[in-house]
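Student: If you want the building blocks of each chain, they are given just below.
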Amino acid sequence: MRELKSVGRSTTKIDSLALATGQERFTADLAPRDSLVCTLLYSPQAHAEVTRLDADAARRTPGVVEIFSYLNVPRVLHTTAGQGFPEPSPYDAVLFDSRVRYVGDRVAMVVAESEQAAQEALKKIQVEYRVLEAVFDPEAALLPGAPLLHGGEDHAAIPVVFRPEENLCAQVEISFGDLEAGFADSDFVEDHTYRVQAASHCAMEPHAAFAYLDERGRLVVVSATQVPFHARRIVAMLLGLPIRQVRVVKPRIGGGFGGKQEVILEPLVALATLRTGCPARLVLSRREVFVSCRTRHAMRVRLRMGARRDGTITAVEMDGLLNSGAYGTHALTVLSNVGAKVLPLFNKVENLRFLGRSAYTNLPVGGAYRGYGATQGYFAFNQHIDMIARRAGQDVVEYCKRWHIKAGETSGVFKALGEGKEGVEQVVRSCALSECLDRGAEAIGWSRKRGKRLPGGPDRVRGVGLAVCMQGSGIPRIDMAAAAMKMNEDGSVNLMIGATDIGTGSDTILAQIAAETLQLPVEAFVVLSSDTDTTPFDTGAYASSTTYVSGRAVLECAEKLRGQILSAAAALLEEPVEALRIEDGTVAAPSGKRLSYAEIATTCTYSENQQQLQSQGSYVCEESPPPFLAQFAEVEVDTRTGRIEVLELISAADCGRPVNPVLAEGQVEGAAVNGVSYALWEDYVYDAAGRLTNPRFWDYKIFTARDLPKMRTILVDSEEPSGPYGAKSIGEIAINGPAPAIANAVYDAVGVRLFELPMTPERLWKAMREQAGVDSRGGGAGKGGGMQG
Amino acid sequence: MEARFRINGQERTLSFPGDAVLLDVLREAGYLEVKEGCREGACGSCLVLLDGVLVNSCQVLAGSVDGRAVTTVRGIGTFQVPHPIQAAFVEAGAVHCGFCTPGLVLAAYALLEANPHPEEAEITRALDGNLCRCTGSVKVMEAVRLAARRLEDRHA
Amino acid sequence: MATDLQWFFPRELEEVPPLLARDGIVPHAGGTGLLRGGMSQVRGLLDIGRLGLAGIRKDAALVSIGAGASYAEVAAAAAAWHPRHVLAQSLGAAAATPLRNRITIGGSIALFPYWSDLVGPLLALEAELHLVGAHSGWVPLAEYLSGRELRQGSLITEVRWREAELRGEYRRWTRTHTDRPAFSIVVLARRSGKTLRDLRVVLVGCSGRYRRLAEVEEAVGQAMERVPAAAAHALAAEAAAKAEIEMPARMGFSAEYLAHCARVELERSLAALLGDAGGGGASGPGSGRTRGR
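Protein chains in written order, with our numbering: chain F, 1 to 789; chain L, 1 to 156; chain B, 1 to 293.
Hints were generated in silico from the structure; no laboratory data involved. Think of the CB as a built atom: it goes at the ideal place given N, C-alpha and C, for glycine as much as any other residue. Mixed in with the good hints there might be a few duds.
Looking from chain F toward chain L, a few residues come up when the C-beta cut is under 8 angstroms (computed) [stated by the list, open to error]:
(1) A20
(2) E24
(3) S175
(4) G177
(5) C202
(6) A203
(7) G254
(8) L274
(9) S285
(10) R286
(11) E669
(12) Y686
Could you put the whole structure together from the sequences, leaning on the hints where they help?
Tutor: Now the structure itself:
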């Protein structure tokens, strides 16, 4: 292939300067000044029937325009999940219900002329609750006799397991081979249960949306959404409008990470606008985002793996229980991914069973969150691999290199485990994981540090740990993306894409792909994205789909436009089209004649062979080529207090050919840092009544620059044949490795394994004391490292 | 109540309730580059310079700063003529979603005005009031180091 | 809602007492404490900004700080007096940069939350406060903290103490770096050559909110020589073992764990103070090591 000029360059993101100079506007900035203010009333009860709701006094408050509740809003069952239709999440939610299912569930909405009037009215709404028994533990929720959250007409939109009469909102089971024979064939079995916690995305921009009716009475919703097209569909359905009457626009978004892959605010502002005829806005507070939006699903994973003395894994049984919270959005698909993104990585296992269940509880609602089940699964899986390699007497880096899936190989899990329907068989076509392992190991000084328990000072000991992961690039045969292009007479190109840039830089990298194909600079493109009226369809920013799926659509579209340019040039130059070649925004003929795109386009617009040079492309991925990642952590443990300090985190990632290396690094780094604070500190802490006690940064701790370990990102290129210019996606994967890498490093340092997140110092301290107790009673191996109880 | 401010060099007289915080007063007055991220003084999205001093505008009662100078990110550079710090953030790939960027740029500005040759520990300390979930602050650190070098070259 | 909140901007201290005597009027310095605590009971704010209370003075041994001085200003001034001055350590790490620019000395003392990074060092320095209002005059800080009556209707205008070569260690126990401490420890002593005298040990954040650990000061002894590291550790361990530490559970930590960590940090800071290898560690989040962060 000729040298690439655009793809593979760290082009500056096209919106960076406007953002850095404070020019850009986000949803809350764009809301019309005179729009009505929407404010929400939330349930103080974890589980209750609303027996009385009296909004009369509230309505009479000066400045209040309307108050919505179950009394005056039709019940339309739906899922808020931003997923392709029909959604694999159960239809178990309505806009306003007479039953509340968690502390923070929506009860009513005030629409008023000012913030102040809205707040006053909120206090005057009288609500009486008949308190119901609540359940917070998913294991308890599945037991007979547990209070039930759903039932009645709640249903699954596709044929999947959905038994609300048992609080079971999703179940997945796959198996192949003979599990018991596999265990019988093993020389040892490691059987452990892991627990991971709920977390908040903490995108810096709180959720926001506003709506208005345009001059012709069409409903326009402007929202900080990752899924404008799904939002349009769901808004139309909920409000009884045909889709053509609804327009959804995504302006800038201040981060999403899955938290905005949910259609929560849009129907509410749409409702307010439709009923009042006026523009209406809803901007959430940070507290509302913590409590009443979505979280990562907390999960319990039991993993049982049998292996022979030489390390061959003969059987894997994974049993996962996802805490769905009060509604089942993403409960099936996150659950499926716990197996689907984890189990294929070690594909030589012949005897395998994955059983997953998601249970309703009266807690804040789990939803899409970067990693999407892989994060939960890899915390368990990578610690097991570490254990097995150790028991087999092998270095875990070499062990992983030997056993991971390679290019040309497949796994039965790909076909067995889809997202609500059967999966898609695929063969991995690009995999540089072994090189990632080698380079990452060298960079961290693995052989110098592993197993050495190097002292870091008095009472401090160090260790290193590894985690390996894969993710996907889009959802095969489900995710579709499209692009359209038209050339302006100056040779520039308008690129219309449905793809949703949520700060990831997708507008830029998709322009880079187009630029490469058309041999133009990125600046020649006017990128228009995420407007359901003017840009073609795209499922949205999730499933690490943008580079790969939207990228292929852009590639196809650009190739077609290139064809048109060449045809038009052939006619103008009176040369056969096969003889022409494209060079830097011009078309050259062997005779030496040359036309610039501007000349071609101007002529085609005004004088000769008149036509609009334009094209379109769509792409639905047939496979989901996984990116791969090896993450290495070096930790220092304070043996007297259990404090874990992450000294260094190295991420060696294979995303095929990175379209924009600096942006790819940025994705890896942001995800990795999120993964580290998730591993050590982030947590949802509830009181006995199911109320979230820490819905603020005051007590929900995430990293600042001051907490950063030394971070290094190594991009290892492989070439994905099905990817646009060899690219795979990179958006999610790096959040999966830090927790297990750190846990493995802690074990390396002090011989204690933590099976529960977050790995707080107190948990490690207690575990070290227990271990010391065991050891002093004569059991367990020596620990070293100067531990004191 | 009414108060006078000099915002990005421009005299403004603004009216607001007695308990209003500076964040809301500024946004009401059209300075939308000042963002609300948490309203508890933790995220840094609302940072402004008050008489050159970095503060969380959501934690300042507007009534107490009558007559003071306020600088937002638009007061230190423009799209047409960006400040070297803004250019450095762009070049280093430190601008992702951009929501936290105005606050970060001002934090870097406050640091480099007072300390043109900061050490690592001084940079991280200067940024300890900013949260950035997109970059994890990694490229942000590079941007500040780059900005320091650029400013040095400019003065050389 | 306090939208009809009244503001007062006195220029002379004489104007303060009658204002503070009125119902619902409270002092306003940086405002961060008020915004955190909520202002529903507040009818009026007495802003101290025009009273000229922001000065920082050091004449030989006597330090005097106006109540309106910010954490950032005091930390910088203290660092200029000595790079490891205990207030440079404590206030330089407290809260976060933009908050340090607003949190004032007077406001912080008046609020005195368990997470105060100021009160421990001031207690160890045996500081005094100057008040005007319902109570006027100089009072020792310890007395102010224990006496409710002193706090009602009074305004702190100044803090002072005698420096006298007091050097030592400050430790704060946090989760991430930008966090309030679950507890903090100060150990200070006068140093002349190898001799240490007049040891002060204060724990803030324990049950009762703070305690001067006299039993530890006694165990170490009021006059002693600095010793090599190993001996310093042994001495420190012995002294810390005598500390009576009772902590509440907070910030996700159990009482037992916090008490254990407080004892460990106490031991480490004493060892750093007593050791003659250059006075050891810095204040990480309780990690006791300098790491260039």
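Student: Take the hints in turn and mark each one as holding or not.
Tutor: Against the structure, the hints come out as follows:
Satisfaction of the interface hint for F/A20 is found here, the shortest Cβ-Cβ separation to chain L being roughly 4 angstroms, below the 8 angstroms cut-off. A cut of 8 angstroms between beta carbons decides the hint on F/E24: the least distance to chain L is about 6 angstroms, and the hint holds. About 38 angstroms separates the beta-carbon of F/S175 from the nearest beta-carbon of chain L, more than 8 angstroms, and the hint is not met. The closest approach between the C-beta of F/G177 and any C-beta of chain L is roughly 41 angstroms, which is over the 8 angstroms cut-off, so the hint fails.
With a cut of 8 angstroms, the hint placing F/C202 at the interface with chain L holds, because the nearest CB-to-CB distance is about 5 angstroms. The criterion of a C-beta within 8 angstroms of any C-beta in chain L is met by F/A203, whose closest approach is roughly 6 angstroms, and the hint holds. Checking F/G254 against chain L: minimum C-beta separation of about 3 angstroms stays under 8 angstroms; hint holds. Residue-level restraint check for F/L274 is violated (minimum Cβ-Cβ distance to chain L is 27 angstroms; threshold 8 angstroms).
At about 7 angstroms, the closest approach between the beta carbon of F/S285 and any beta carbon in chain L falls short of 8 angstroms, and the interface hint on this residue holds. Interface hint status for F/R286: upheld, as the beta-carbon distance to the closest one in chain L is roughly 4 angstroms, under 8 angstroms. A cut of 8 angstroms between beta carbons decides the hint on F/E669: the least distance to chain L is about 4 angstroms, and the hint holds. Below 8 angstroms, beta-carbon pairs count as interface contacts, and F/Y686 has none with chain L, the closest being about 20 angstroms; its hint is therefore violated.
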